[in-house]
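Chains as they are written, first to last, in our numbering: chain A, 1 to 216; chain B, 1001 to 1230.
Source of the hints: derived by calculation from the structure; they are not laboratory data. The structure displayed is predicted, hence computed values, not measured ones. Every residue gets a Cβ at the ideal spot worked out from N, C-alpha and C, and that includes glycine. Don't take each hint at face value.
Taking beta-carbon pairs under 7 Å as the criterion, some of the chain A residues facing chain B (in silico) [as the list claims (entries may be wrong)]:
id, residue
1, A39
2, P44
3, A46
4, S193
5, V196
6, A200
Sample of chain A residues lacking proximity to chain B, with all beta carbon distances greater than 12 Å (derived) [as the list claims (entries may be wrong)]:
id, residue
7, Q26
8, D153
9, N157
10, W162
11, D166
Quick list of simulated restraints, FRET-style, between CB atoms [said to hold, decoys possible]:
id, chain 1, residue 1, chain 2, residue 2, range
12, A, G191, B, N1145, 21 to 31 Å
13, A, S210, B, N1220, 44 to 54 Å
14, A, G191, B, I1004, 47 to 57 Å
15, A, Q26, B, D1005, 47 to 57 Å
16, A, F132, B, W1152, 23 to 33 Å
17, A, L205, B, N1124, 11 to 21 Å
18, A, L205, B, E1060, 28 to 38 Å
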Amino acid sequence: MKRQVPLVLCFLFGVVMCFTQFSPHQYSQAVYNEVINWALIMAPFALIFGTITLIQTHVTRIRRRIEHWQYSFVVFAGLLTMAFIGILFGPQDPAFEWLFNNVQVPLDATMFSLLAFLIASAAFRAFRARTFEATLLLIAAMIVLIGNVPVGDLIWNTVLSWLPWDNGASETRQWILGNPNLSARRGIILGVSLGVISQAIRLILGIERSYIGGGD
Amino acid sequence: MELIDFIGIWIAAFLTLCIYSFLYRDNPFYRFAEHLFVGMSVGYTITISIYQGFIPFAWEPFWEAIKPFWPGVPREAGWSGLWKLIPIGIGLLFFGGVSPRYTWLIRYPSAILIGLGAGLAIPNVLRADIFEQTRGTVEPFASINAGTLSIWGILGAILMVVGVVCTLIYFYFSVEHRGPVNWLSKVGIAFLMIGFGSAFGNTVMGRVALLIQRVDFLINDWIGSFGALF
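So that you can see chain A by itself, here it is in the shape it has in the complex (with noise of 0.2 Å):
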């Protein structure tokens, strides 16, 4: 009964799902606008329980004061505004709008943007050319890395100013994407496509059942 009914409803979910999809029947479109509706309903339930689980691992933190503790309260303080002044009063609120203009924005920028440091020294350590595929990484990022700015072509009009074509560091830059990114994208998409639908067919198989977890 714990193990069996979430297969039987995956399989039924599933095929579903899949099948009303392939049907224009105005029947067949009112079950999946339903079913598609059922997930909208129950997403929220599921962030709440992992907001739940969020202030439970905090709660735990504080009690057993882990390193850092403190910072919790922090959690608490940015969570209860958000949600207390939100759900009270709406997103349209001009209170909850400032603090997702003042606050939660410069947050999500900035720490983003500390990716930009962050990731030149991961640069450094990745681009020596020490062998054939690391220079061909190094040559493509610099291509698209000076292709993108302005500055690119004004280098290449300047000192490659004898070459017979133009504005070559953004053709280049967009010859790259075009052609030797995107057949590779291409190649990593279609495998990964194949391998989403692989494991679509054992879920709704009940091949692959790990979200069951353990027990009974």
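Go by the hints and put chain B onto chain A.
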């Protein structure tokens, strides 16, 4: 400049500097900003999920259905909203995970969402990622046949097919990579390295653009706001 905007700029600048202080080393200011970011992101996501998922798709139809039970409230919609009690009930099973004794209840909503996602994935991935990508790879050959492609276009089309096939051969582990297969997979590695290099270059550019935007904010907005102090 209004006071509320001024306070907003100073808070944003303080948090930006808190995050950048990590470049020196891990410190309490960075940890404060990092934890605040986690908390506020979760609070924001919950709010949006409730207002864009739960309320329009569950609460409003359900409320329309149970209205007649409230005295003096006119009935406008049918009973179909009660149908929403099923996904609400299944969604509530997620909270079984709070108690170790009832953790197994999570399996029901998880199985439905996983089955639903898997069922959606099969036709969509087939259509968008396999058929469309294959079509995009071989389509230029129709232009070659029609004689509308330049010599560079023809070379590009051939290079595309060679790249896709060789990349796929590199990931094909059902045969041993020896002889011609080994050579083709080596060509595949070369294409992959160019692809990874391009992706790396683009990622660096994206992050640097964000960095420029934050520095621009600090210089123009924050330092620019100093004038309002005096």
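Structure-based check of all given hints:
| no. | hint | result |
| --- | --- | --- |
| 1 | A39 | holds, 5 Å |
| 2 | P44 | holds, 4 Å |
| 3 | A46 | holds, 5 Å |
| 4 | S193 | holds, 4 Å |
| 5 | V196 | holds, 5 Å |
| 6 | A200 | holds, 4 Å |
| 7 | Q26 | holds, 16 Å |
| 8 | D153 | holds, 15 Å |
| 9 | N157 | holds, 21 Å |
| 10 | W162 | holds, 21 Å |
| 11 | D166 | holds, 17 Å |
| 12 | G191/A with N1145/B: 21 to 31 Å | holds, 28 Å |
| 13 | S210/A with N1220/B: 44 to 54 Å | holds, 51 Å |
| 14 | G191/A with I1004/B: 47 to 57 Å | holds, 52 Å |
| 15 | Q26/A with D1005/B: 47 to 57 Å | holds, 52 Å |
| 16 | F132/A with W1152/B: 23 to 33 Å | holds, 25 Å |
| 17 | L205/A with N1124/B: 11 to 21 Å | holds, 19 Å |
| 18 | L205/A with E1060/B: 28 to 38 Å | holds, 37 Å |
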